[in-house]
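Visitor: Quick note: the sequence shown uses the working numbering, first residue 72, plus one each step.
Hints in this document: simulated from the structure, not taken from any laboratory. Take these hints with a grain of salt, some might be off.
Said to hold, decoys possible - Label pairs and their calculated CB-CB ranges:
#, residue 1, residue 2, range
1, Lys201, Lys166, 32 to 40 angstroms
2, Asp221, Arg165, 17 to 25 angstroms
3, Tyr99, Lys199, 24 to 32 angstroms
To be verified - Derived pair list, reagent style BS3-like, types lysine-lysine, alpha-carbon separation capped at 25 angstroms:
#, residue 1, residue 2
4, Lys246, Lys132
5, Lys102, Lys240
6, Lys217, Lys233
7, Lys132, Lys145
8, Lys147, Lys94
9, Lys199, Lys217
10, Lys132, Lys199
11, Lys132, Lys102
12, Lys132, Lys147
13, Lys145, Lys166
14, Lys102, Lys217
15, Lys166, Lys102
16, Lys240, Lys147
17, Lys240, Lys174
18, Lys73, Lys199
19, Lys145, Lys240
20, Lys147, Lys197
21, Lys240, Lys130
22, Lys73, Lys246
23, Lys130, Lys166
24, Lys73, Lys147
Since we're looking at a predicted model, the values are computed, not measured. Positions of the beta carbon are idealized from the N, C-alpha and C atoms, including for glycine.
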Amino acid sequence: MKILICYSSQTGNTRNVCEAVYKSLSEYAEKDDSVEISDIADNPSADYDAYIIGYWADKGKADSLADSYMERIKNKPVGIIATAGVYPDSDHARKVLDYGTEKLRSNGCTVLSEFICQGRICQRLKDKFKNLPEGHPHYMDEGRRKRHEDAESHPDENDREKASEIFRKFYRELKQTI
Numbered sequence: 072m073k074i075l076i077c078y079s080s081q082t083g084n085t086r087n088v089c090e091a092v093y094k095s096l097s098e099y100a101e102k103d104d105s106v107e108i109s110d111i112a113d114n115p116s117a118d119y120d121a122y123i124i125g126y127w128a129d130k131g132k133a134d135s136l137a138d139s140y141m142e143r144i145k146n147k148p149v150g151i152i153a154t155a156g157v158y159p160d161s162d163h164a165r166k167v168l169d170y171g172t173e174k175l176r177s178n179g180c181t182v183l184s185e186f187i188c189q190g191r192i193c194q195r196l197k198d199k200f201k202n203l204p205e206g207h208p209h210y211m212d213e214g215r216r217k218r219h220e221d222a223e224s225h226p227d228e229n230d231r232e233k234a235s236e237i238f239r240k241f242y243r244e245l246k247q248t249i
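Please construct the entire structure, taking both the sequences and the accompanying hints into account.
Guide: In C-alpha cells form, the structure reads like this:
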C-alpha cells in the first residue's frame, strides 16, 4: 500500500503537523507499505492508494493550492489535516474541515479521518485585522486578540501527537479495507 501525505503550508503550521504524522506513520507502517510526503507545490502524482491532504484555512475553505490538488484525487480513501487561526472546537474550524470533506466526497473519495488544530496567523493578516474599524466583523476586539495570541504557540507537541494518533488509526483502518 502506498500512502501520500501532501500539504500546502503558508506559515509552516500545516507542514509541521504533516511532518509529525509522516514520521509517526513511517515508524508505524508495515515494511511492505510506503508512506511518502510532498509539498503540493511540487505537484505530486495522483497515483497512490490513499492520501492524507494537509491545508491551511483561507476564508473558511482550503487554500487555493490544496483546493486545486483535491480536484485530482478521485475514488480514494483520504484523511484531512487542516490548520487555522481559530480554536479547533469552533464552528469556523468545523466549516474548514467540512469544506475539504465535501470536496473530496464529491470526487468519490472516502474520508476516513480528519484533524484540525490552531496555528500561527500570518503577519499580513494580523496587520489587516488591526486596521479594521470597530463594527467590522473581523475587527480586532479582545476575543480576537486573545485567539491570535493563543495561536502563536501552535501547532504544539500535543497537536502533533494527537494528529499522529488519529492517523495511526487511519492506517489501521486502511489495512482492513485495502
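Visitor: Next, verify each hint and record whether it holds.
Guide: Evaluated hints:
For the pair lysine 201 and lysine 166, the beta carbons lie near 24 angstroms from each other, so the given range of 32 to 40 angstroms is not met. A beta carbon spacing of about 18 angstroms between aspartate 221 and arginine 165 agrees with the range 17 to 25 angstroms that was offered as a hint. Separated by about 41 angstroms at the C-beta atoms, tyrosine 99 and lysine 199 break the suggested range of 24 to 32 angstroms. The straight-line distance between the Cα atoms of lysine 246 and lysine 132 is roughly 30 angstroms, outside the 25 angstroms bound, and the hint therefore fails.
This hinted pair checks out: lysine 102 and lysine 240 have alpha carbons roughly 17 angstroms apart, not beyond 25 angstroms. For the proposed pair lysine 217 and lysine 233, the alpha carbon gap of about 23 angstroms is at most 25 angstroms, so the pair holds. Distance restraint check for lysine 132 and lysine 145: the Cα-Cα separation of roughly 19 angstroms lies within the 25 angstroms cut-off, and the hinted pair is therefore satisfied. A C-alpha spacing of about 22 angstroms is found between lysine 147 and lysine 94, which places the hinted pair at or below 25 angstroms, so the restraint holds.
Proposed proximity of lysine 199 and lysine 217 is supported: the alpha carbons are some 16 angstroms apart, at most 25 angstroms. The hinted pair formed by lysine 132 and lysine 199 meets the criterion: a straight-line CA distance of about 19 angstroms does not exceed 25 angstroms. Note on lysine 132 and lysine 102: the hinted pairing is violated, with a Cα-Cα distance of about 36 angstroms set against a maximum of 25 angstroms. Note on lysine 132 and lysine 147: the hinted pairing holds, with a Cα-Cα distance of about 21 angstroms set against a maximum of 25 angstroms.
Our distance criterion of 25 angstroms between C-alpha atoms is met by lysine 145 and lysine 166, whose separation comes to about 22 angstroms. Annotation: proposed proximity of lysine 102 to lysine 217 is violated, straight-line Cα distance about 45 angstroms (limit 25 angstroms). Taking the CA atoms of lysine 166 and lysine 102, the gap is about 37 angstroms. The hint is violated against a cut of 25 angstroms. Restraint check for lysine 240 and lysine 147: satisfied, since their Cα atoms lie roughly 17 angstroms apart, inside the 25 angstroms limit.
Between lysine 240 and lysine 174 the alpha-carbon distance is near 22 angstroms, which keeps this suggested pair within the 25 angstroms criterion. For the proposed pair lysine 73 and lysine 199, the alpha carbon gap of about 42 angstroms is over 25 angstroms, so the pair is violated. Annotation: proposed proximity of lysine 145 to lysine 240 holds, straight-line Cα distance about 22 angstroms (limit 25 angstroms). Annotation: proposed proximity of lysine 147 to lysine 197 is violated, straight-line Cα distance about 37 angstroms (limit 25 angstroms).
Under the criterion of a C-alpha separation no larger than 25 angstroms, the hint pairing lysine 240 with lysine 130 is inconsistent with the structure, at around 30 angstroms. This hinted pair checks out: lysine 73 and lysine 246 have alpha carbons roughly 11 angstroms apart, not beyond 25 angstroms. With a C-alpha separation of about 10 angstroms, the suggested pair lysine 130 and lysine 166 falls inside the 25 angstroms cut-off, and the hint holds. Using a Cα cut-off of 25 angstroms, the hinted pair lysine 73 and lysine 147 holds, with the two alpha carbons roughly 12 angstroms apart.
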